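Undergrad: Spelled out, the chains give:
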Amino acid sequence: MRDPRARRIAVVADSLLEPMLDELEREGFGVIQLPPAGLDRETVAAWLEQTAEHVAEFRRNDYEVVLADDGLCAAELEQALATFGIEPLPQYTG
Amino acid sequence: MSDEPKRVAFIAHCLLNQNAKVEGGAKRPGMWEPVIDLLRARGYVIRQMPCPELAFGGARRFWGVREQFDTPLYRRHCRRLAKLVAAVIGQHAAAGDDIVLIGIDSSPTMGVDFTPSAPHWSGQPNIVEDDSTLVRGDGIFIEELKAELAERGLPEPRSTGIRHWFADYDPDEELERLGALLR
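Residue numbers (the numbering used here), protein chains in the order written: chain G, 1 to 94; chain P, 1001 to 1183.
For the record, the hints were derived by calculation from the structure and aren't laboratory data.
Some clues are possibly wrong.
[Unchecked claim] Computed footprint of chain P on chain G; a stretch qualifies when at least three of its residues, placed anywhere within it, have a C-beta under 8 Å from a C-beta of chain P:
#1 74-82
#2 85-93
[What the hints assert, rightly or not] For each label pair, taking beta carbons as the anchor points, the in silico distance ranges come out as:
#3 P90/G <-> A1167/P: 35 to 45 Å
#4 R1060/P <-> G28/G: 19 to 29 Å
#5 R1177/P <-> R2/G: 19 to 29 Å
#6 K1006/P <-> E23/G: 15 to 25 Å
#7 G38/G <-> V1128/P: 17 to 27 Å
#8 E1156/P <-> E18/G: 23 to 33 Å
#9 A1147/P <-> R2/G: 33 to 43 Å
#10 G71/G <-> P1005/P: 38 to 48 Å
#11 F1166/P <-> D40/G: 19 to 29 Å
#12 R1076/P <-> R60/G: 39 to 49 Å
#13 A1041/P <-> R2/G: 27 to 37 Å
Note that the coordinates shown come from a computational prediction; the quantities given were computed from them, not determined experimentally.
Beta carbons are placed, not taken as given, at the ideal position from N, Cα and C, and that holds for glycine.
Kindly produce the complete structure, drawing on both the sequences and the hints.
TA: Rendered as structure tokens:
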């Protein structure tokens, strides 16, 4: 069965998603959206933990995963990724 | 978050990330743009939900049906993720935003109006022909999300499911159904 997935994923800050969607779609990226602003710290931490689980599984299977970040969650995401032995993600460069 | 009420769509993870599909299940390189483009054209804020199957069964999981996924442990996993989604829905509900939910009607996890069933599937993964059937009902995650919303006293969003894996998939019907959902 033909499967056209590009095996490229961008983890994208909520604030950057809308302005980046056209480009990401054109470049064949799938997206993992980071949590929106305004959530309590516990929810943000839990959200980033499950994001890290997704990233770890993709990395384990040799998918390319990059980060387009606005600084809101960068440190916490890095920490969550480290618990799975994942190095900080390379920045999306377009 | 601004005080102006927004239109917000909570969507199945794979609509923005086709890489989360089971192998053989993706239909686009990155995202399912018919839905994404429509949401943007209608002015909806996109809120991507996690993919319970990816996190639980992995990227190399086999295709599955509802009866295989309907275990206490998988439900607990789905509930854990549903709590996160419900927290964000609660944030939008408190702001008076218009909220919709778009799932995947061929999924044992994210089905909204339909979900695949095959009570006889088990053991060696050598099914030559897919003899599962689509039955009315929610997927496991959607059930857990509705239960979580009910516990929090939050209303169920208007919802529908994408049917791009149905044998008789009709893009025009889907567009019309989505159009009615998005008002």
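Undergrad: For every hint, state whether the structure bears it out.
TA: The hints, checked one at a time:
| no. | hint | in the structure |
| --- | --- | --- |
| 1 | 74-82 | violated (count 0) |
| 2 | 85-93 | violated (count 0) |
| 3 | P90/G <-> A1167/P: 35 to 45 Å | holds (41 Å) |
| 4 | R1060/P <-> G28/G: 19 to 29 Å | holds (21 Å) |
| 5 | R1177/P <-> R2/G: 19 to 29 Å | holds (27 Å) |
| 6 | K1006/P <-> E23/G: 15 to 25 Å | holds (23 Å) |
| 7 | G38/G <-> V1128/P: 17 to 27 Å | violated (50 Å) |
| 8 | E1156/P <-> E18/G: 23 to 33 Å | holds (26 Å) |
| 9 | A1147/P <-> R2/G: 33 to 43 Å | holds (38 Å) |
| 10 | G71/G <-> P1005/P: 38 to 48 Å | violated (28 Å) |
| 11 | F1166/P <-> D40/G: 19 to 29 Å | violated (39 Å) |
| 12 | R1076/P <-> R60/G: 39 to 49 Å | violated (23 Å) |
| 13 | A1041/P <-> R2/G: 27 to 37 Å | holds (29 Å) |
Going through the hint list in order, the structure does not satisfy hints 1, 2, 7, 10, 11 and 12.
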